[in-house]
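2 protein chains.
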Amino acid sequence: MNPIGVFDSGIGGLTVLKALTDELPSESFVYFGDTARVPYGTKSEPVVKQFALQDSLFLLKHDVKLIVVACNSASSVALDFLKQRLALPVIGVIKPGAEAALDAAPDKPIGIIGTRATIASGAYQRALKSLKPDIEFTAQPCPLFVPLVEEGLTAGEIPKVVVEHYLHPLKEAGIGALILGCTHYPLLKSIIAEYFGDEVIIIDSAAATAQKVKAELAVRGMLADEETSRSINFFASDISPGFVEQSRLFFGGELPQVEKVEFEVADFWV
Amino acid sequence: MNPIGVFDSGIGGLTVLKALTDELPSESFVYFGDTARVPYGTKSEPVVKQFALQDSLFLLKHDVKLIVVACNSASSVALDFLKQRLALPVIGVIKPGAEAALDAAPDKPIGIIGTRATIASGAYQRALKSLKPDIEFTAQPCPLFVPLVEEGLTAGEIPKVVVEHYLHPLKEAGIGALILGCTHYPLLKSIIAEYFGDEVIIIDSAAATAQKVKAELAVRGMLADEETSRSINFFASDISPGFVEQSRLFFGGELPQVEKVEFEVADFWV
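Chain order of the listed sequences is B and H. So the first sequence is residues 3 to 272, counted in my numbering. So the second sequence is residues 3 to 272, counted in my numbering.
Bear in mind the hints are in silico, worked out from the structure with no lab data behind them. Keep in mind the model is a prediction, meaning the values are calculated, not measured. Please note: incorrect hints may appear among the correct ones.
Remember, identical chains collapse to one label, so a pair may be satisfied in a single copy or spanning two.
No more than 30 Å apart at the CA atoms, straight line, and that leaves these computed lysine-lysine pairs for DSS-like [to be verified]:
no.	residue 1	residue 2
1	LYS110	LYS85
2	LYS134	LYS110
3	LYS63	LYS51
4	LYS110	LYS67
5	LYS216	LYS173
6	LYS51	LYS110
7	LYS85	LYS162
8	LYS51	LYS173
9	LYS63	LYS191
10	LYS162	LYS191
11	LYS67	LYS162
12	LYS173	LYS162
13	LYS63	LYS110
14	LYS63	LYS162
15	LYS131	LYS216
16	LYS85	LYS214
17	LYS191	LYS173
18	LYS162	LYS214
19	LYS67	LYS173
20	LYS51	LYS67
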């Protein structure tokens, strides 16, 4: 009966929440976006670990039964750190994304794009190698993609020159699949797909992560009763300008009307 | 004998610290950059106020005699809030920047660029009006400029198309001076100057702010003895990747070797 907890550095993780609510229609969710301290992807490993632990403790106060680390940067550097400390299942987005990429293009090089923190951590690279030791991949940090998406610049000349700037080496490498290793990047999917053409399959970890969460709950006998009426609660550390509009964008439509939706400023630093 | 405190959302404020150390060669300084929670310019007013107060309280622990709010976003929304709470002089960068712009182009419209928070606050607009009630100005948020600078993309095609995207309305308005209302923007000065040509005088608030700090200390009889040996202490809430290299860039050269320079992670959120 307890909800699933989901956290992200901000609101990008709503793309993951959407996939979870689609895959698990009877489950309740508590989402926390650390919008006061966003982004995580430009910050150091110790700080991201500390933030991730605080975010998780906030979710624990809401009696969650499982935590999804929707943020790629936090999944990359803090997942094991959280698993060692928390007595409940913690699932990140890295391994499901790597598996989906390998399924999509088993015999071609894989491209990985993400924030500086995600790429520098080598988490996707390790996950791919553990699945296929002789795998080839090209990893590229794309730090301007998040601000582009947050400014709504997802089409036109500016994102076009930025996409070419970052993705040129991946095209050269002849990748067969591209992992969008950041929750913001699905909003640039059209312009990225246009750049690569039909040759490259674009992988968004959200759906794969949702399937893994379902499997994990099933194994543990923790799936919600199908008759349960679900609730979805949203929390954020800042209601920053444009928050509501951006939230709708990432969630892929209106936030559910009939369910309980609550915005609240967390009080970490009072 | 006490040092001057300077804080910023990150390391951009080192451009202001540099101007202060040039203008006040006998003064000691304590600098705090909130690199774990940077940026401030995309966040809400209540959160920026809270962060600015925490930053100031950190500086107070180091017995500062005056606080310089080097961050334009914090100066815009939190200066009065700090002044009402702190029993020491607090100086922001807005008013000195507005005065310098009016001196430079007394009879032409003024352009103002900054983060969303700075422009939305109307702080520069109010400061200009208080100096000249019938002044004309055009204000434009340029949210991609900070990530461009932080990625080192200050020349070439990408900043060129972004500069045109944001600054076109200011060119149309026939401005005579442009206030760089963000500590990061001086690093884009060349490409901005190239876009406008010689017609527009570009104003960086740092030097004007340093002069104001000197005047304020003189009036209060709080200037350091000329014989004093100075110290400069740096603190940051995160030593993020690229921190040292970026610090040198913003400080405009090597950090002073002979003086005490210290990097330390603040413990706000332990």
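Non-conforming hints, listed in increasing numerical order: 1, 4, 5, 6, 7, 8, 9, 11, 13, 14, 18, 19
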